[in-house]
Amino acid sequence: MSNYKCLFLYSGLMIISFCLASCIQNDDQAVPQASNTANEPVHYPHNQSQPPSWLPDREDGQWTMPAKNYASTRYSGLDQINSENVKDLKVAWTFSTGLTPGHEAAPVFVEDTLYVVTPYPNAVYALTLDGSKKWEYKPDTHQESQGLACCDVVNRGMVYAEGKLFFNTLDNHAIALDAKNGKELWKTKVGDLKRGETMTMAPLVVKGKMLVGNSGGEMGVRGWLKALDTKTGELLWTAYSTGPDKEVLIGKDFKPFYSQDQGENLGVASWPPDLWKIGGGTVWGWLSYDPELDLIYYGTGNPGPWNPDIRPGDNKWTLTVFARRPDDGSAIWAYQIEPHDLYDYDGVNESLLLDLPVNGEKRKVLVRPERNGHVYVMDRTSGEVLSASTYVPVNVTEGVDLKTGQLRKVKDKQPGTNKTVHNICPAAPGGKDWQPSAYSPRTGLIYLPHNNLCMDMHGTQANYIAGTPYVGSDVKMFAGPGGHRGVYTAWDPVAGRKVWNIEESFPVWSGTMATAGDVVFYGTMDRWFKAIDAKTGKLLWKYRVGSGIVGQPVTFQDKNGKQYVAIFSGVGGWSGAIVSGGLDARDGTAALGFANAMKDLSQHTDKGGQLYVFSLP
Amino acid sequence: MFSPFHNMAWLAIVPIWLTLTGCEDQAALRTVDDPPSQSLTRMVEFGPGTEEPSKTPHPYINNRHAINEGKRLFSWFNCAGCHANGGGGMGPPLIDSHWIYGSKPENIFASIMEGRPNGMPAFQGKVSEQEVWKIVAYVRSLGGLDEDLPAGATSRPLQDKAESDLREGEIP
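First to last, the sequence lines map onto chains Y and Z. 345 is the number that our numbering gives to position 198 of the first sequence; each next residue is one higher, with no gaps. 153 is the number that our numbering gives to position 60 of the second sequence; each next residue is one higher, with no gaps.
Hints in this document: simulated from the structure, not taken from any laboratory. Model, not experiment: these values are computed from the prediction. Among the clues, some could well be false.
Stated by the list, open to error - Once the Cα atoms are required to be at most 20 angstroms apart in a straight line, the calculated EDC-like pairs of lysine to aspartate or glutamate come out as: (1) Y:Lys336 <-> Y:Asp376; (2) Y:Lys566 <-> Y:Asp548; (3) Y:Lys511 <-> Y:Asp526; (4) Y:Lys281 <-> Y:Asp548; (5) Y:Lys558 <-> Z:Glu207; (6) Z:Lys219 <-> Y:Glu291; (7) Y:Lys560 <-> Z:Glu261; (8) Y:Lys341 <-> Z:Glu207; (9) Y:Lys334 <-> Y:Asp376; (10) Y:Lys746 <-> Z:Glu207; (11) Y:Lys556 <-> Z:Glu263; (12) Y:Lys709 <-> Y:Asp277; (13) Y:Lys746 <-> Z:Glu261; (14) Y:Lys560 <-> Z:Glu263; (15) Y:Lys709 <-> Y:Glu206; (16) Y:Lys356 <-> Y:Asp376; (17) Y:Lys334 <-> Y:Asp277.
Could you build the full structure based on these sequences and the hints that come with them?
Below, the structure written as structure tokens:
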């Protein structure tokens, strides 16, 4: 403990000498440790937040699902690599996938094998820790699925459970493989390309069920979450995001907290006739699970089309957080983050399950950094919003009314048909898109990889043709205030404010992870893989990889106790499509308007997927 | 999908369409019996890769009215959803010099009508041939494939505007 204090004192001095320079920007009021460390070191976690009591303390050294655990903390208890020695981190080996779309997946490590799933065509590789190939699996796929993916043909990872690997293919198949030999155990078609559906999300496995959701919110797709039997692949239940209560699996146990979410068949009544059938609310993001409350949590995507004039009403249940029973999918509560979305602010981001004090009382919460620029802290038993604080510049709303749970929208920022609204902050990908954050119980902080983007938006007519885009909006994005397009922020979820942040030229489109070595990792689109001091935000180490990073870092240890860190490089995704898709930057509306903000990306990276594995010498 | 009923329904629309289309289109059409199609003898042309742009373009090519109509149709049939205003997105860009399936009017026509394997849908039966030719004219004008873009055609200025659009957001 005394070493720990010395290290921290030293870190405090480092802050004073370096941080005020330029690499790290501190808020005026935030930064408890920076202002008082010289005399009085802060004891972390200073905010009394902690992981849920049911989350095992013991670190097994594995990484079996992208979120690391059901609470989605993306935190590893390994500490062989720590803030003192991470500067010596070296490449152990690399592995090329031979593919050029964005590589967003988190690798999975079990016992002695590292498993990766690639973007389309969704090959799976099993690799031993000397980098040798153990087996590979290449599914037969429908290549036309590539033309239906709104934002590059990515895949966000797979899950290991019960000796099997579970993942989705872009062409709507859920697959289980035998982890020992890569043999396909079952393969179930769950979506329809002809309706514009694709799949990019990483599943979650809960109580013998593989939970999967669809993508295609830009194609007039109707969103759903499905549960498949992990043994057989049989479809057990489907929970639609729009439509009548019986198809949304809203029944007698449904108790939403706020009055605007109460009523019958709101998934139909809050739409113009029949538009709920093509209304979006896809489930392409992250799921969490609380085994004690027996509830799964996830959020739904944007309503379609983007142009809001075409779909008057609240458009339920798009942009909605659901709590459901895994056994039958029945909804227990729901909270529509934003009725009648105006800006493509999908509600699919991760839910971190934590226990933390609110007004002096310990609450079981879920923390959600939303695209709309607010970090929501919600009671995960009831769906009540306890706080919502902005983490990026926002000018389209003036905060959340905690009595009603409603955003206060700014009227003159409402886009519509044949109307152009300038300077909308944040832009469509939000303050933060899919790129998942991490939580360290040692610091009590949440680490947010995110964006700083604004946009102009012009509404157009939208014509529904099955299997083609249904957007009705011309968008051009650009850097937010300050001119940087990305930020890595350490966030205090109790105080609802940032502690430190690091500005990046490009959106920070990678995931992140925290470790017991008090090091957090993330990657940049201009090809740096970085290790940061979890307490101070100081850059401890960086390594230049082959292509921009949009993947998710993971860490694990082998049987001899040696710790490794792994990350995909391979730029792409919505932000990187300008490079991975070879788009033409002269048209700023390319890639649904993201190209306008990324015109210079090709000066910093080319495409190409490669797995990097690091360790200490 | 292409049931007899659908084909008949399409035929029923034709007379209505003919009355609705402008005189300009009719005048242009009188000069050609049929839109150019692939040559019956392919031996000479056959070879890997794509070829130089055709020297005998369809009458809609470089036609101001057709290009502007094509722009509207490009948006209405959701081409813009994938190709944006030429820069691409879900689909490839149309303003660069790289043409996977050829840039000749008949190549672009075929791509739209028949679809392409990586996700380009086949629009045959959903859009009339004349409308497709207008879209072809617009697509070629986007990429500057035809010299002397006629005055009043709307494709180029959009690109120029986009190029000068890098700026920074503000919070009042």
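**Request:** Starting from the hint list further up, note which numbers the structure goes against and sort them upward.
**Result:** Hints 2, 4, 5, 10, 17 are the ones this structure does not satisfy, whereas the remaining hints hold.
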